[in-house]
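*Asks:* Listed below are the residues making up each chain.
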Amino acid sequence: MSDRDIDQQLVARAQRGEKRAFDLLVSKYQRRLARLLSRFLRDSADIEDVTQEAFVKAYRSLPAFRGESAFYTWLYRIGINTAKNFLSASSRRPMINSEIEDEDGESFDMASQLPDLNTPESELMNKQILATVNAAVERLPEELRTAISLREMDGLSYDEIARAMDCPIGTVRSRIFRAREAIATELRPLLGTAKNKRW
Amino acid sequence: MKQSVSELIDSELDERAARHVIAAIGSDPSLEQAWNDYHLIGDALRSNSRVSIDVRAAVASRVAQEPTVLAPRRWIRRPQARSAGAAVLAASVSFAAVIAWQQLSGPGRVTMVAAQSSPAATQQFANADAYFLAHQEMTADQGLVKVTYAGAGSRGAGTRRAGN
Chain A
100 MSDRDIDQQL
110 VARAQRGEKR
120 AFDLLVSKYQ
130 RRLARLLSRF
140 LRDSADIEDV
150 TQEAFVKAYR
160 SLPAFRGESA
170 FYTWLYRIGI
180 NTAKNFLSAS
190 SRRPMINSEI
200 EDEDGESFDM
210 ASQLPDLNTP
220 ESELMNKQIL
230 ATVNAAVERL
240 PEELRTAISL
250 REMDGLSYDE
260 IARAMDCPIG
270 TVRSRIFRAR
280 EAIATELRPL
290 LGTAKNKRW
Chain B
15 MKQSVSELID
25 SELDERAARH
35 VIAAIGSDPS
45 LEQAWNDYHL
55 IGDALRSNSR
65 VSIDVRAAVA
75 SRVAQEPTVL
85 APRRWIRRPQ
95 ARSAGAAVLA
105 ASVSFAAVIA
115 WQQLSGPGRV
125 TMVAAQSSPA
135 ATQQFANADA
145 YFLAHQEMTA
155 DQGLVKVTYA
165 GAGSRGAGTR
175 RAGN
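These protein sequence lines are chains A and B, in that order.
For what it's worth, our numbering labels the leading residue of the first sequence as 100, then goes sequentially.
For what it's worth, our numbering labels the leading residue of the second sequence as 15, then goes sequentially.
One thing to keep in mind: the hints can contain errors.
[To be verified] The following label-pair restraints were derived from C-beta to C-beta distances: (1) B:S44 / A:A263: 29 to 35 Å; (2) A:D265 / B:Q79: 26 to 32 Å; (3) B:R30 / A:T284: 28 to 34 Å; (4) B:D42 / A:A230: 26 to 32 Å; (5) B:A78 / A:S256: 35 to 41 Å.
[Stated by the list, open to error] Short derived list, chain B residues pointing at chain A, Cβ under 10 Å: (6) K16; (7) I23; (8) S41; (9) W49; (10) Y52; (11) L59; (12) R70; (13) T82.
Honestly, the hints are just simulated from the structure, not real lab data.
A quick note: this is a predicted structure, and the numbers were derived from the prediction, not measured.
Think of the CB as a built atom: it goes at the ideal place given N, C-alpha and C, for glycine as much as any other residue.
Model the full structure from these sequences, guided by the hints.
*Replies:* Right, here's the structure in full:
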């Protein structure tokens, strides 16, 4: 089942009244949406507020979602409109010209050139998460590290990874899962301290 | 089951297994935690600069106050249903074409067909004619051609529309 089909499954469940299905979509896309919004908004508190508002608007609009586009493409438009409304209401100008935004907001990377107004706490948390994940990856056995890197960074399918690593596909499934669990085990204490805290 | 969550995230499950795992995630907090963690790890490995953001609790709290969404499943396209609709449309067009052809073929042909028809077939045709007469006010006037019904004398009809 493709990524788009999985999203549509979750949307269909949410449309039937399963709010937890919508939680899974929030969990999956919140960082991607926040990264997109950081191209319009400088303040990290604003980014968090608009991210939250965009998801609530998406939930309210779910009955109108017909699956004609991918869920993220639809969410992307809601996010952009929410950011523009936010800037308009607060009489602030967007940081970028809307004409130069690309369709999914992924390839345009002006954000790295813009001043980042992360709070010290959110900046620290970002760095801690990235450092923890990178350190955990470094400590993985080589075959697990290679498998998770080929999957997450290079976007290869399990079949392609199996051919690249010359091993059965079942081994790839196991290696990627074990890599994720090893990284998550190191990450969970850090995330536990951050729970319910606004960064 | 956590391994299945990992495979689901990578789109490596078939539809049946994926549905099963999605349902399980919704009812098992440890699987939901795995779903969250694995997505966070993926974003971190792809150097997402916003890995610390977490609006799940805030969004869930606000969504909980919203009326429950209950939307029809019309957006799920069914090729079979669409094919059936196309077949019905094609049959309707074919039927209209046959009727129009019969009207445009001239009095000789109508007479011939009527002469060769069995009494039952003639009665059936008369019933169809009565149906058209009864419903002609329901049809649109624009774009339709009115033709003389040559064999109308025997059935008492004057003119009728072709098509539709």
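*Asks:* Does each hint hold? Answer for all of them.
*Replies:* So, going through the hints one by one against the coordinates:
Checked against the hint of 29 to 35 Å, the pair S44 (chain B) and A263 (chain A) passes, with Cβ atoms roughly 31 Å apart. A beta carbon spacing of about 54 Å between D265 (chain A) and Q79 (chain B) contradicts the range 26 to 32 Å that was offered as a hint. The beta-carbon spacing between R30 (chain B) and T284 (chain A), approximately 30 Å, falls within the hinted interval of 28 to 34 Å. At about 30 Å, the beta-carbon gap between D42 (chain B) and A230 (chain A) stays in the expected band of 26 to 32 Å.
Taking the beta carbon of each, A78 (chain B) and S256 (chain A) are about 37 Å apart, inside 35 to 41 Å as hinted. Taking 10 Å as the C-beta cut-off, the interface hint given for K16 (chain B) holds, the closest approach to chain A being about 7 Å. At about 8 Å, the closest approach between the beta carbon of I23 (chain B) and any beta carbon in chain A falls short of 10 Å, and the interface hint on this residue holds. Interface restraint check for S41 (chain B): the shortest CB-CB distance to chain A comes to about 8 Å, inside 10 Å, so the restraint holds.
The interface hint given for W49 (chain B) is met, as the beta carbon of that residue sits about 6 Å from the closest beta carbon of chain A, less than 10 Å. With its C-beta approaching chain A no nearer than about 5 Å, Y52 (chain B) sits inside the 10 Å limit, and its interface hint holds. Interface hint status for L59 (chain B): upheld, as the beta-carbon distance to the closest one in chain A is roughly 4 Å, under 10 Å. Among the interface hints, the one on R70 (chain B) holds; its C-beta lies about 5 Å from the nearest C-beta in chain A, closer than the 10 Å criterion.
The beta carbon of T82 (chain B) is positioned within 10 Å of a beta carbon in chain A (closest approach about 5 Å), and the interface hint is therefore held.
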